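If you read the protein sequences in the order shown, they are chains A and B.
Note that the working numbering has the first sequence beginning at 631, numbered continuously upward.
Note that the working numbering has the second sequence beginning at 9, numbered continuously upward.
Read the hints as simulated data drawn from the structure, not as lab findings.
It should be emphasised that the depicted structure is a prediction, and the values quoted were computed from it without experimental measurement.
By construction, the Cβ of each residue, glycine as well, lies at the ideal position given by its N, Cα and C atoms.
Among these hints, one or two may not hold up.
Reference excerpt, derived from the structure (chain A facing chain B, CB under 7 Å, subset only) [claimed, not checked]:
(1) K644
(2) A646
(3) Q648
(4) I650
(5) D651
(6) A653
(7) V657
(8) P659
(9) W660
(10) I664
Here are the computed lysine-lysine pairs in the DSS-like style, where the Cα-Cα straight-line distance is at most 27 Å [unchecked claim]:
(11) K233(B) <-> K638(A)
(12) K152(B) <-> K207(B)
(13) K233(B) <-> K644(A)
Chain A residues, not near chain B, derived (Cβ > 12 Å throughout) [to be verified]:
(14) P637
(15) A671
(16) M673
(17) R676
(18) A677
(19) S683
(20) E684
(21) K685
(22) D686
(23) A702
(24) D705
(25) R707
(26) E723
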Amino acid sequence: MDYLKEPKLIRNSKVAWQEIDDAIVVVTPWNKQIHIISETASMLWRALALPKSEKDLVTLIVQEYEIDEVRAEQDIRTFIKESIEKGIVDIKE
Amino acid sequence: MEYCVLNIGGLKVQVDGHDREFINLVSSQYIDFIQPGGESIDLKLTLSHDSWPEDTEDISIEKINNSYILAGEKFECLLDTQARSAAVRIIKELTHFNTFLRVFYSQVLVFSEGFMVHAAGLIRNNRAYLFAGPSESGKTTTAKRANGFDILSDELVIIRRINNIFFLYSTPFSGEYTQRIKNLKAPLSNIFFLNKRLKTGLVSKSSLSSFIDLLENIFFFDQEKDSSQFILGLSSRLTAVIESFDINILSYSDLGRFVDGLSKGAEANT
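Turn these sequences into a full structure, and let the hints steer you where they fit.
Structure (structure tokens):
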């Protein structure tokens with residue numbers, strides 16, 4: 631896939647969030663739901679302040695945690711799928 | 009124009025209306041939270057009863073520029089935070105006014121370093137204790153068992169940060185507790201989350217756990233990011249400085265002795 635054409639992901643600008651005890655707590659104000667982002671995934675949340683592709687996020691995880699790329703891809707896809715379903719991450723066209 | 013001044017959570021709201029009978033009803037219903045006239049007020053609220061808004065099942069708050077529209081069953085209110093004024097169309101019944109007032113204060117508190125929490129509140133020796141929980145969690149039971157305490161509410165209390173100290177305030181918004189509630193406040197000493205299934209009686213909580221449980225009990229309707237962000241910031245600071253616990257209130261027959269033991273050597277939050 632052409633890197634420049636890969637969809638980019640970014641935090642939904644309409645959510646409120648707070649870092650506390652190494653975790654990140656995100657609130658979606660439209661439904662008052664509370665979402666907890668684990669210490670490991672909090673790195674992805676910070677990175678998504680700016681648009682990132684799935685590949686960018688995989689590279690980030692592989693470098694930080696020294697895990698293999700296949701495992702990292704699985705984890706990132708789960709994170710992305712859940713985050714989009716919750717409405718806390720948007721796809722930037 | 010008739011008026012009375014409500015002082016709830018330290019916020020003084022002048023309630024104006026053309027209907028003397030209804031203003032008198034409001035004054036007598038909230039008698040312990042009525043401020044003598046002549047003092048400075050924080051907000052002016054004008055009531056009208058001449059036309060009924062459409063019934064709205066859910067409570068909603070919508071921000072338009074610097075104003076908010078608060079809507080609910082039998083009321084609709086335009087709140088202008090810059091002009092520090094609000095106009096409300098509301099059916100002329102105290103039950104609906106009480107519901108409106110809860111929603112109204114939940115919103116205006118955000119601009120005054122505060123929020124409202126589903127909780128019972130108690131004061132003893134100028135220390136305040138918050139017992140938070142949803143319906144049926146034991147808030148009224150807590151209030152009824154609190155011999156030797158002043159009761160702040162068995163349903164909704166107000167937390168405000170003033171000069172970096174968190175205070176707990178009483179409200180006239182009560183559940184099944186029928187005793188008279190005075191207008192009181194004290195520095196918050198401890199937070200307890202009511203849990204009837206807890207076998208050990210008392211379990212200390214982490215800041216994160218306390219933060220999440222507190223958020224779940226905050227009485228708040230605004231769907232805007234900025235207000236939610238403010239509440240997150242204030243709650244995280246609160247749960248960082250105030251020690252909190254899960255509690256099974258039924259494990260403590262003498263709440264006074266229990267909190268006195270906790271308070272020994274502990275300073276009020278700063």
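Going down the list of hints, with the structure as the test:
For K644(A), the interface hint holds, the least distance from its beta-carbon to any beta-carbon of chain B being 5 Å, beneath 7 Å. For the restraint placing A646(A) at the interface with chain B, the shortest Cβ-Cβ distance is roughly 4 Å, inside the 7 Å limit, so the hint holds. Below 7 Å, beta-carbon pairs count as interface contacts, and Q648(A) has one with chain B at about 4 Å; its hint therefore holds. At its closest, the beta carbon of I650(A) sits 5 Å from a beta carbon of chain B; the interface hint therefore holds under the 7 Å criterion.
Of the supplied interface hints, the one on D651(A) holds, with its beta-carbon coming within about 4 Å of a beta-carbon of chain B, less than 7 Å. Contact between A653(A) and chain B, as hinted, is supported at the beta carbon level, the nearest pair being about 6 Å apart and thus within 7 Å. At about 5 Å, the closest approach between the beta carbon of V657(A) and any beta carbon in chain B falls short of 7 Å, and the interface hint on this residue holds. The beta carbon of P659(A) is positioned within 7 Å of a beta carbon in chain B (closest approach about 4 Å), and the interface hint is therefore held.
Because the smallest distance between the Cβ of W660(A) and any Cβ of chain B comes to about 5 Å, under 7 Å, the interface hint for this residue holds. For I664(A), the interface hint holds, since its Cβ comes within 7 Å of a Cβ in chain B; the closest pair sits about 6 Å apart. The suggested pairing of K233(B) with K638(A) holds, with an alpha-carbon distance near 23 Å, which does not exceed 27 Å. Of the pairs offered as hints, the one joining K152(B) and K207(B) holds, with about 22 Å between alpha carbons and a cut-off of 27 Å not exceeded.
Only pairs whose Cα atoms come within 27 Å are accepted, and K233(B) paired with K644(A) is accepted, the gap being roughly 6 Å. For P637(A), the requirement that its beta carbon stay farther than 12 Å from each beta carbon of chain B is met, with the minimum near 24 Å. The beta carbon of A671(A) is kept farther than 12 Å from every beta carbon of chain B, the shortest such distance being approximately 15 Å. Taking the minimum C-beta to C-beta distance to chain B, about 17 Å, the non-interface status of M673(A) holds against the 12 Å cut.
In this structure R676(A) is separated from chain B by more than 12 Å, as the shortest Cβ-Cβ distance comes to about 16 Å. Taking the minimum C-beta to C-beta distance to chain B, about 20 Å, the non-interface status of A677(A) holds against the 12 Å cut. Here S683(A) stays apart from chain B, with its beta-carbon at least about 25 Å from theirs, past the 12 Å limit. Look at E684(A): its CB is around 26 Å from the nearest CB on chain B, clear of 12 Å, so calling it non-interface holds up.
With a minimum CB-CB distance of about 29 Å to chain B, K685(A) clears the 12 Å threshold, and the non-interface call stands. The beta carbon of D686(A) is kept farther than 12 Å from every beta carbon of chain B, the shortest such distance being approximately 25 Å. A702(A), annotated as away from the interface, keeps every beta carbon of chain B farther than 12 Å; the closest lies near 26 Å. Every Cβ of chain B is farther than 12 Å from the Cβ of D705(A); the closest lies at roughly 22 Å, confirming the non-interface assignment.
With a least beta-carbon separation of about 26 Å from chain B, R707(A) lies farther than 12 Å from that chain, consistent with its non-interface assignment. The claim that E723(A) lies off the interface holds: its Cβ sits roughly 22 Å from the closest Cβ of chain B, which is beyond the 12 Å cut-off.
When each numbered hint is compared with the structure, no violation occurs for any of them.
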